Structures are given as C-alpha cells and as structure tokens.
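Peer 1: Residues per chain are reported as follows:
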Amino acid sequence: MRILIAKPGLDGHDVGAKVVVHALMDAGFEVIYTGLHQSPERIAKAALEEDADAVGISVLSGAHMPLTKKLLAEMKKAGTGRKPLAVGGNIPPRDRKKLVELGAAAVFPTGSRFDEIVGFFRNCPVRAPE
Amino acid sequence: MAGKDPEIKEVTLESGIKVKPVYGPEDVADVDYARDIGNPGSYPFMRGIHSLMYRLQPWTMRQYSGFGTAEETNRRFKFLIENGQTGLNVAFDLPTQLGYDSDHPMAHGEVGRVGMAVSTLADFEDAFRGIPLDRISTSLTINSQAAVMIAMYAAVAEKMGFPLKDLRGTAQNDILKEYIGRGTWIYPVEQAIKLIGDTIIWCARELPKYSPVSVCGYHIRESGALPHQEMAYAFAIACAYIDHVLARGLDIDTFASRLSFNFDIHGNLFEQVAKFRAGRALWARIVREKYGAKDPKSMLMRMIAGGGGGGLTIEQPLNNIVRGAYYALISALSGTQTMALCSYDEAYTIPTEESATVSLRTMQILIEEMGLCDTVDPLAGSYCIESLTREMGARISEAMGEVGRWGGIVKAVASGAVQRQVARQAYLREKAIQSGEIRKVGVNVYRAEEEQHEVELHPFRPREAKKQVDRLRRIRRERDSAAVKRALAVLASKAATPENLMPFIMDAVKAYATVGEISDVFREVFGEFDEPVRL
Numbered sequence: 001m002r003i004l005i006a007k008p009g010l011d012g013h014d015v016g017a018k019v020v021v022h023a024l025m026d027a028g029f030e031v032i033y034t035g036l037h038q039s040p041e042r043i044a045k046a047a048l049e050e051d052a053d054a055v056g057i058s059v060l061s062g063a064h065m066p067l068t069k070k071l072l073a074e075m076k077k078a079g080t081g082r083k084p085l086a087v088g089g090n091i092p093p094r095d096r097k098k099l100v101e102l103g104a105a106a107v108f109p110t111g112s113r114f115d116e117i118v119g120f121f122r123n124c125p126v127r128a129p130e
Numbered sequence: 001m002a003g004k005d006p007e008i009k010e011v012t013l014e015s016g017i018k019v020k021p022v023y024g025p026e027d028v029a030d031v032d033y034a035r036d037i038g039n040p041g042s043y044p045f046m047r048g049i050h051s052l053m054y055r056l057q058p059w060t061m062r063q064y065s066g067f068g069t070a071e072e073t074n075r076r077f078k079f080l081i082e083n084g085q086t087g088l089n090v091a092f093d094l095p096t097q098l099g100y101d102s103d104h105p106m107a108h109g110e111v112g113r114v115g116m117a118v119s120t121l122a123d124f125e126d127a128f129r130g131i132p133l134d135r136i137s138t139s140l141t142i143n144s145q146a147a148v149m150i151a152m153y154a155a156v157a158e159k160m161g162f163p164l165k166d167l168r169g170t171a172q173n174d175i176l177k178e179y180i181g182r183g184t185w186i187y188p189v190e191q192a193i194k195l196i197g198d199t200i201i202w203c204a205r206e207l208p209k210y211s212p213v214s215v216c217g218y219h220i221r222e223s224g225a226l227p228h229q230e231m232a233y234a235f236a237i238a239c240a241y242i243d244h245v246l247a248r249g250l251d252i253d254t255f256a257s258r259l260s261f262n263f264d265i266h267g268n269l270f271e272q273v274a275k276f277r278a279g280r281a282l283w284a285r286i287v288r289e290k291y292g293a294k295d296p297k298s299m300l301m302r303m304i305a306g307g308g309g310g311g312l313t314i315e316q317p318l319n320n321i322v323r324g325a326y327y328a329l330i331s332a333l334s335g336t337q338t339m340a341l342c343s344y345d346e347a348y349t350i351p352t353e354e355s356a357t358v359s360l361r362t363m364q365i366l367i368e369e370m371g372l373c374d375t376v377d378p379l380a381g382s383y384c385i386e387s388l389t390r391e392m393g394a395r396i397s398e399a400m401g402e403v404g405r406w407g408g409i410v411k412a413v414a415s416g417a418v419q420r421q422v423a424r425q426a427y428l429r430e431k432a433i434q435s436g437e438i439r440k441v442g443v444n445v446y447r448a449e450e451e452q453h454e455v456e457l458h459p460f461r462p463r464e465a466k467k468q469v470d471r472l473r474r475i476r477r478e479r480d481s482a483a484v485k486r487a488l489a490v491l492a493s494k495a496a497t498p499e500n501l502m503p504f505i506m507d508a509v510k511a512y513a514t515v516g517e518i519s520d521v522f523r524e525v526f527g528e529f530d531e532p533v534r535l
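For the record, the sequence lines run as chains A and B. For the first sequence, this note's numbering gives the first residue as 1, with consecutive numbering after it. For the second sequence, this note's numbering gives the first residue as 1, with consecutive numbering after it.
Here chain B stands alone, though its shape is the one from the complex (with noise of 0.2 Å):
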C-alpha cells in the first residue's frame, strides 16, 4: 500500500484528515449523488445555494474599509463603488466597537483608528451621505454595539428617503465568537444574545432583506480552531440564537433565512473546498431535521469568504498578495456569496488605498479572466474533492458533539472552555511553526538575507481624532438634551424587561444619544462580562 510505503511521506490535514496520494471510485463508492450531494440549488446544498451561482450574478465584492471620520470613509467609500466595488463593507474604530465615546478616556489614542469612529447619529450621515442604499449593500463589522449601528444604519436610511424594506445588507452581530476571539464583548453572555435576539426579530418585520447576524467561525479559526472546528463551533453559535429566538416564539421560517456566516479560508486548498461543501449539506440537515424548517431558504448556509489573516505574513509582504489570490480562488471554487480578501498589508494595518485595490482587482481578474463564474461546483465529482468532503463532514459533527459535551456553546463560552482549547491549539501551531514542522514561505522556509519589512502603514491622524471629539461635543451641546434623556430613561426602563429593545434605541439614535450613553444604560442595567483568564 502506498500509505505505508517509507518513500511517502504521510500527509495529516489539520482536521486531522490522511491524505491519499490517489483518490478513486472506491473512496466514494458510499457516497450517493442524490442524498448527499444534490444538484447546485438543491437540498441539501452540497453543491451550492442556488443552480446557477456565478452564471447569473458573480460574487458581491466586499472590500473592509473605513478609518477616521466618516468624512473621510465616505470618500473611500465612494472610491471603491467607482472602481467596481458592489457592496460596502464598514470598518468601525475600537472605541465605537467597545460602545466609547470618542471623547472618553479609554479611547485615547484609538479614536479613528483601525476603523470609522461613530458616536452620534451625525457620523451615520457623514458617512453615507450620497450612497443609494437602496442598491448598494452595506456590512456592518460590528458586535456588541450592532444593536445601536443597525438602529443608525435603519435611521440614516429613513432619513435620505430609502425605505426599510429595501435595505440589504449584513450586521456581523454574532457576540459569542467575540469571547473567543476579537474581544469586543462588553456585557455578560446573556444579556448579549438577549440583544442578538432583539435586531434578528425586529428585522424579520422591519428590514426583511437584511441579515441581522453572520455568525462568523473566522475570528475563532484565528484564534486558533482547526478547520473542522471553526464549522463546529459557528454551528454552535448559529443554534444558539436560533433557539432563542425559537424560545421567544418565532418560527424558524421566519427568519432562518436572513442568518449568514462569514468563514476563513486560510489553509490546504482541498481542505478549505472540502469543509465549506460538507458544512453547507450539515447546515441545510441542522434545519430542516433539527429545527423543522419547511422554506428551502431557511437551510441556506450562505456565506461571506475570502479572508484569513493568519495565513498571511509579516516576512516578505508582496508574498501576501499571491496568498490573497489563492484565498480567492478558493473561495469563488468553494461557492461564497460574497468575497472580502485580505490584503497583502493586513498583518500591519487596514488596508490602504493601493492595497485594497489590488484585492478588488484579484477577484475581478478571476471573474473576467478566469473562467471562475462559468460553472457551478466545478471540482464536485473529483474523487478527491468528495471523499474529503464526506470526511470532512463527519470531522465537523464529532466536533459539535463535543461542544454538547461542554454543556452547550453559550456555557463552553462563559466558562472560558472553548477558550482554552483554541489558545492551546493557536500555541502548538506557532511552536510548530517556530521548529519549521509547519512550513511558511519567507517565515521558515526561502527566507530573505535581509529583511525588509517596512511597508506603507495606514497613517494615523491625530488631528482628525481632534476633529472628531470637537464635533462631537458640538453635537451634545446643539441636541435637544432634553428628548435625549427621555429617550435613555426609557431605554433604562425597558432594559431589564423582556421587550425588543430595538424600537427604544431607534428613538435614542435618532435623538442622537451617542454610543457611551446608549452603551452605558446597558453597562448600567446588564453589568460586564467577567473574563475568564485561566488558561
């Protein structure tokens, strides 16, 4: 047998896969097209979401974007549309994302960032000020503030003449990978998935062609997840806030349909291909068999793709540029509805001008040059690619029941467990790493003499953080202060209740309360998240 031949070297996928040197008719012969492949477009959705994919529409192109003012985001983002850009994809600073104003203390030196600083309704406006949001869709990259961004996001819009109901678009608003990675929780877990639960049902009635979560196993693969656990774990998620919605009567039907997830790409080619067509089929069955959902749409893992930061390098940038391109490439043969590559500078910083134009320009190149968009699934049918597949799916179910074992994810979460094992796991793949048993290009292996690292780093501007706290304290002085502090009382007063806060904050926003003061009635009536740090 070739496995056992001492001239091969064994090879283990991280998901802990064998690889075979040759795949043929025998390592599928289980397999059934129509039960568990299925056409393009059909249960259970193996092959894609819809029949045709890229045939009709290619992928929307969704480059992250946003810094300073939102003066200055709504340049880049108006230069993006013009270069072909067809969806916005909205960084925020950290302040705004920790629910800080601008002016507060712990935001010094963050202000405008690594993102859009947002304290009042006034900066929504800046923003999109002459976007058609009713044909450009919009993501939010944002979690524990999401509430208050999608409550701006609906105001900013009634006020430029759009109604709600044609608004499309994304909240990244998926608070429990926040505690396992990215970090920016605030309050206990909850009262957060409470919050998740309040925009999910206020936009299946108000803003139905928005998705109000993408559940994303990206940040948690960063943190270290292998790849079949990254699927497990944002399943998980997902189940989480389906059964509390479930629990405060919805019907899954109503708005299973509108959750999306955003996954990494980072890793063997085959793998990621295998995992993102096995995890499509599990979703669809967790739906339908699970959660009796009747609506085909409802079982649609749909999902944003191309990113994977921790691929990339610091050693020998330019090198990230090709990574980004087979991150691409992967994702366009793996079916994503929406593409965001990183780019070749996101080990350093937010992308500039230059290098975010090379990500737009990598995928227009697959979709003009490459024969990308003309068939769907192209790889289905390799023996390869399907007994990967097959594995891949039983590697990600054995990985859920684990989080069963945990108690659940919401407790796995709280307690730090899910945690712990993702930063064990992150400190053994640098340590591999380091011995050169993992191999990266310029970091282990073909380094460079001498190494030039310097690139051009997204500039921080103190002035423009100057220029944001002056308008803000302008905005507090100029606001009818007194309809603020109704609007918060009553925000406070209905907090602890079990009523969809959404309609409360809307009112706040709208009487432009900023983030602090939204962010700190919450702070007030749920308390804080109490990080578990033992590792």
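Just chain A, with the same shape it has in the complex (with noise of 0.2 Å):
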C-alpha cells in the first residue's frame, strides 16, 4: 500500500506530518512526502502519478474546512476521488464530523495515537477507479 503525505497550503508546521511520515514508514508502508506549500489541484495529481491507495494531509492553521473541501473536488476531478482522504492536524471537534460530512475517510486531530492512524490505512478499502 502506498500513502501521500502531503502538507496543503501555505501552513508551515510540519512536525506533525513528518511524524506520521515516520509512523507509517515504521509500520511497513511505502510513504510518500509531498513537502510544503502544496495546492489542492497538486496534491490530486500527486495522488495519481505517485499512483497512491490512499491520502494524508496536515493542517494546522485552521484551514483544513476550505481546503479539505477544495482537495476533494480537485481529487474528483484527476479522477483520484475514490482514493480515502484522511485529514490530520488542529481540528476542533465541531468540524470533525463536518469533515466527514465533506467526504473525508476519517479525521485525526492533533494527538492521536499511532496504532489509530496505522490501522486506518491498514483497514480503509482501497476503492477501485471511478
């Protein structure tokens, strides 16, 4: 199973991301890392020509709700849109199921655990192409 990291946005914080980087290397996945300051339309291409099962992406400023909703459709529309998204980073609880709502596969606020994280993209259903 191959995994895109990726940092969307102009946030800079990427310990966060790096550290699940780490996590998903050491749980035996092949890990993609996008690096900084990625558009949405970037990272739904990224998707495809890194040919990813699945995507991660961090946030931390609190754009996660425009850009989460911005990633999906560009995802749709490079025909990466069945891929699982789950999106990590400084999300409050009232936007957690917001995200879901969106089309997010699942949601990892800040301080969750890694077996969490690993065992989504262990479990989450590889979708075939639309």
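Honestly, the hints are just simulated from the structure, not real lab data. Errors might be hidden in some of the hints.
What the hints assert, rightly or not - In silico DSS-like links for lysine-lysine, alpha-carbon gap of 25 Å or less: (1) B:K209 x A:K69; (2) B:K194 x B:K440; (3) A:K45 x A:K77; (4) B:K194 x A:K98; (5) B:K411 x B:K18; (6) B:K440 x A:K69; (7) B:K467 x B:K78; (8) B:K209 x B:K194; (9) B:K440 x B:K466.
Unchecked claim - Here are the in silico distance ranges between beta carbons for each label pair: (10) A:D26 x B:E158: 50 to 58 Å; (11) B:E206 x A:E116: 52 to 60 Å; (12) A:E50 x B:S42: 54 to 62 Å; (13) A:D26 x B:G381: 44 to 52 Å; (14) B:K209 x A:E50: 46 to 54 Å; (15) A:R42 x B:T254: 41 to 49 Å.
Note that this is a predicted model, so its numbers are computed, not measured. Cβ coordinates follow ideal geometry from the N, Cα and C atoms, glycine included.
Take each chain as given, in its own frame, and dock them per the hints.
Peer 2: And the structure:
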C-alpha cells in the first residue's frame, strides 16, 4: 500500500506530518511525502502520478475546512476521488463530523495515537478507480 | 554510590546529562568564577547581559497578537498597551508571510486567520495608527518577507513623523530556521541570506536601535531538536549571517550588537536555566574569539523567551496556564530580555483576548508579587545549576561540532540533513510520549475520564477577509500605477546585483506596491527553494 502524505496550503507546521510519515514507514507502508506549500490541485495530481492508494493531509493553520473541500473537488477532477482521504492536524471537535460529511474518510486531530492512524490505513478500503 | 543504587531511578535530561540526586562542592571544583562565570554584565556574561538586570527594568512583555484586518489588530494592540504590555509582537497571516496578496488563489481561506493580513503600506498605516512608535517597540514575526515588512515599518514611522533613528523593535527575519521548522520560506537559501544581509546592513545605518534579526532556536526545538542542539543550531545560524555580512565588508562591532535570539523554554526547569546561562557564555566567546569583536555589546546574547508550544497539551487546556507560569519563571530565572508566553489555548489557536490577558497577568504577578526582579541570576552558585551549566556548555559545543561535520548550517539546511535529524527526533519523542516513557500530565498520566477539549477558538471571519480583499483592490485601482511599475522595474533590475535592495524595496513600498508584486519580482529573479522531502 502506498500512502501520499501532503501539506496543503501555506501552513508550514510540518512536525506532525513528518512524524506520521515516520510512523507509517515504521509500520511497513510505502510513504511519499510532498513537502510544504502544496496546492490542492497539485496534491490531487500527485496522488494520481504516485499511484497512491490513500492520501493523508495535515493542516494546523485552521484552514482545514476550505482546504479539504477544495482538495476533494480536485481529486474528483483528477480521477482520484475514490482514494480515501485522512485529514490530520489542529481540528476542533466541532469540525470533525463536518469533515467526514464533506467526504474525508477519517479525521486524526493532534494527539491521535499512531496505532489509530496505522490501523486506519491498514484497514481502509482501497477503492477501485471511478 | 547513589547512582548505582538499584532503588534510585537514573534520570537523564533531554540533552543527555545524567542528573545526580545530590550535588556538592566536588561537582564545581574546577569551575573558576572569574574565568567561567563572571559577574552579571561582565564577560562572559553567563549571569546576565546587564549588571543589574531586572532591578533597573523588568523584562519587556510582548504577547503575540494580530489577526484579521489591520484595523482589528490595531484595536488589540491598544487593548494590550492599555493593560500594561510594553512592546508589540505582530502576527501576520500566512499569505503575507509567504508573499501572496490577500486575493491570490493560494490565500483562499487563510486571509487574516493566523495573523494580520498585509498587502500594502495602507495596512501598516491602519495597524499602527495612534501608537507611539518612539516609545513602544515592535517585533515583527516575519521571515521571508522581513525586508518588505521592515521597509513598511520604517515607511509608516516616517509618515507618522517618528525619526527612524528612534525606532526600536525586532524583526524575526531568520530564514535559515524556517527551512528547519515553521516553513515560511520562499527563495533559495543563498538569496534568502543575501536579503537578510541587506536588512542588517541597512538597519545598522538607518535604524540603529532596531534589531533586524532574531535568530530562533525556538522553532528548531519545536521541530524536534534537543535543548543543546537548539542553542548550537541557533548559534551556527547566527554565525552564518555574521559571516555573510563580514564578507560584505562590515566590521563585526557595527552590527553584532543588534542581533538577538528567540529561544524555547519547555522541558526540565534546571536544564533550561543551565542552557541559557551556558549559551550566554558560549556566544560571548564565539563573538569575541572567533570574530574578534572588541565592543562588549557585540558579545551579548540578548533573547526573547517564554514560549514553549511543544510542552503544552490539547488535553486539559487549563493546565497550560500553570505550565505558562512555570515557563515565565524559567525565563525570569534565565535572565531573558523579553518575554512572550504561550497562551493556554496556543495548542489550538492564536490567543483570544482573555488568554492573552492571563499570560500578561502571569508575568506581572512574577514581577509584582514573587520577587523575580530583586536579585540578578539568583540560582548562581548552586552546585547543581553550575554543574549543569558547565555540562550544557560542553554539549552545545559538541553539537556545533556536528554542524561543522555536515559542512556548516547553510549546507545542512539546503541538503535537508538537519531537517531529517530533528524530524527523526520528533518522531522518537512522540513515540516515547505514546508509550508513556515520557510522562505528560493529562496526556498519558492523570487523564480525565471524560475529555472536554472544546476551548473558545479565535474566530475566523470570512467577512473581514472579504473586506481586506476589497480594500486591496481599491488601493490597486487608486494608486499611481506608473510609479508602482517604475519602482518594481528598478527593483527587478537590482535584484540580481550585489547592491543592497532595501532602498529599492522602500521605494516600492511607498508607492503602494503590494507584498505579492514585490515577492513576484524576487521569485522571478531568485527562483524558489527546492525542499528536500526525503525523510
């Protein structure tokens, strides 16, 4: 299973994203990390080009709602809309349900345990292309 | 021996120092007071950079603030000043920090969110309206856009009638640490350092009381560096800026005294105090011995401290008020010049008015009620503290040696060597917290049954963002566009030359050229940093 971990938007807080990359690699996944300042469009494309089975993004600036919405739309456009998307970062409780309603497959707020995150990627359905 | 007693658990600090249960004279037998410690205000300044420290004047209190439009930020500034804050610490939103105008597609959803939105000089005019810039010092938390924001600050002060020579304050302006943590880089490393050199040289001439650079161990520590690495990498970065400016022909004593530092505070109390005492002495030695400085002012490790977001927890947020109070205590015991506490809601958001006030009161309680201003470096002479300080000094030097083996900090940052090192450490730390090996109250010990995480978040208001965008568009329509074009063309023609760009940035700013337009000139000429993403 190949996982793309991405940092969308302008937020430069990448400790969490990198920590998760390490945890996933240690758990045996193949992980591609995009680095900072990625537009949703570029992430959607990268998911296709890297042939990722799932995508994880990390947002700490508070802009997780508009960025997730935009990314899901871009993924649909790029034909990667069926790949499960996990959203991590500084996500207040009131937004967690809203992110799932938008189409996120899982939400991992700051402080989530590695076993939860690894468990999600291990069990998430790799969906067939649309 | 006590350490070998199976009953006694071994304690190792993050920096690797083994802590003894009891310290005595034998632990400091080879420490020479005059040579290694010295009086406060005397070389090597271990005990403090001034002889009387807080007896003369307490530390500057400078809570981080800024959000939404410049107008709103101006109201918050005035609120903090009315409540006894003695300096401003400006937060900018991410589009501003990354050189995008408020109406750029990359700015979508981010305008005014984590700080004040600035696109043109008009935003600075609103932000500082009615604030006595000759009395209130202002810190600008800005890096890749620092040259532009310093120019705007100078331009707005000029317009308000304050002489540039009276302006006090600091720009964060430490790009090398942005590549390691915080991430608001744009340009490649060499060009970014050149811009910082321009600000240092220009400020030395035009804004002699202003600190153009605050080298940040803070964010490096937050990204996973251990306490001794935090100091070592910060010193290596400061040396990189010094080397650059010296190579452009300046004398060390004309600018070194205006460099300052920003350090992290979370972790073991005694280790932190030792870190700062050791750091001050080491920095003084570097500036005197390596760079041959003659002016003692050049040798001072002036710092802002008090923050330590990495030590705060999402769980049981009120506990962060207590942590903040200890951070303030550590900072005061460490002889900081300026204090900016993390507010208790820092783990979620930029501070609300209430949380910023609690932070301010925390510092005021230390000053007014706890006697922290009465005696300089009150922990000096403690067997424990002096022993830890000496060990810490050795470890910082060792970590600086490691930077040398990477080929220097500039190379280590460009190749990603230092980023990989700290990211790996951050992972190990997080793993240790999750396994309970590192204990965090409220997280892996003393957890609450039913976690109540919801705290009041600083609200994001799309209407304020829209107001900012509308205003920017109006300014673009109304300004003298021929003058803007001219100024940007001159800037573009100079950008690739060794000339100092500050005067040309000033001209562009005064013509109301936007942050995005100026950054685009640099993006075009300099290119962009190619982030090493392999972990």
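Peer 1: None of the hints should be skipped; say for each whether it holds.
Peer 2: Each hint, compared with the structure:
1. Restraint check for K209 of chain B and K69 of chain A: the C-alpha separation of about 47 Å exceeds 25 Å, so the hint is violated.
2. Between K194 of chain B and K440 of chain B the alpha-carbon distance is near 42 Å, which puts this suggested pair outside the 25 Å criterion.
3. Of the supplied pair hints, the one linking K45 of chain A and K77 of chain A holds, its CA atoms being roughly 9 Å apart against a limit of 25 Å.
4. Between K194 of chain B and K98 of chain A, the direct Cα distance comes to roughly 45 Å. Violation of the 25 Å bound is thereby established for this hinted pair.
5. Taken as a hint, the K411 of chain B and K18 of chain B pair is broken in the structure, with Cα atoms around 32 Å apart against an allowance of 25 Å.
6. At roughly 34 Å between alpha-carbon atoms, K440 of chain B and K69 of chain A are farther apart than 25 Å, so this suggested pair is violated.
7. For the given pair, K467 of chain B sits about 21 Å from K78 of chain B by alpha-carbon distance, which is consistent with the 25 Å threshold.
8. A C-alpha spacing of about 21 Å is found between K209 of chain B and K194 of chain B, which places the hinted pair at or below 25 Å, so the restraint holds.
9. At roughly 41 Å between alpha-carbon atoms, K440 of chain B and K466 of chain B are farther apart than 25 Å, so this suggested pair is violated.
10. A beta carbon spacing of about 56 Å between D26 of chain A and E158 of chain B agrees with the range 50 to 58 Å that was offered as a hint.
11. Checked against the hint of 52 to 60 Å, the pair E206 of chain B and E116 of chain A passes, with Cβ atoms roughly 54 Å apart.
12. Distance hint check: the CB atoms of E50 of chain A and S42 of chain B are about 59 Å apart, consistent with the given range 54 to 62 Å.
13. In this structure the supplied range 44 to 52 Å holds for D26 of chain A paired with G381 of chain B, their Cβ-Cβ distance being about 46 Å.
14. The hinted window of 46 to 54 Å between K209 of chain B and E50 of chain A holds, with their beta carbons roughly 51 Å apart.
15. For R42 of chain A and T254 of chain B, the hinted distance range of 41 to 49 Å is satisfied, since their beta carbons lie about 45 Å from each other.
The structure fails hints 1, 2, 4, 5, 6 and 9 (numbered hints given earlier, in ascending order).
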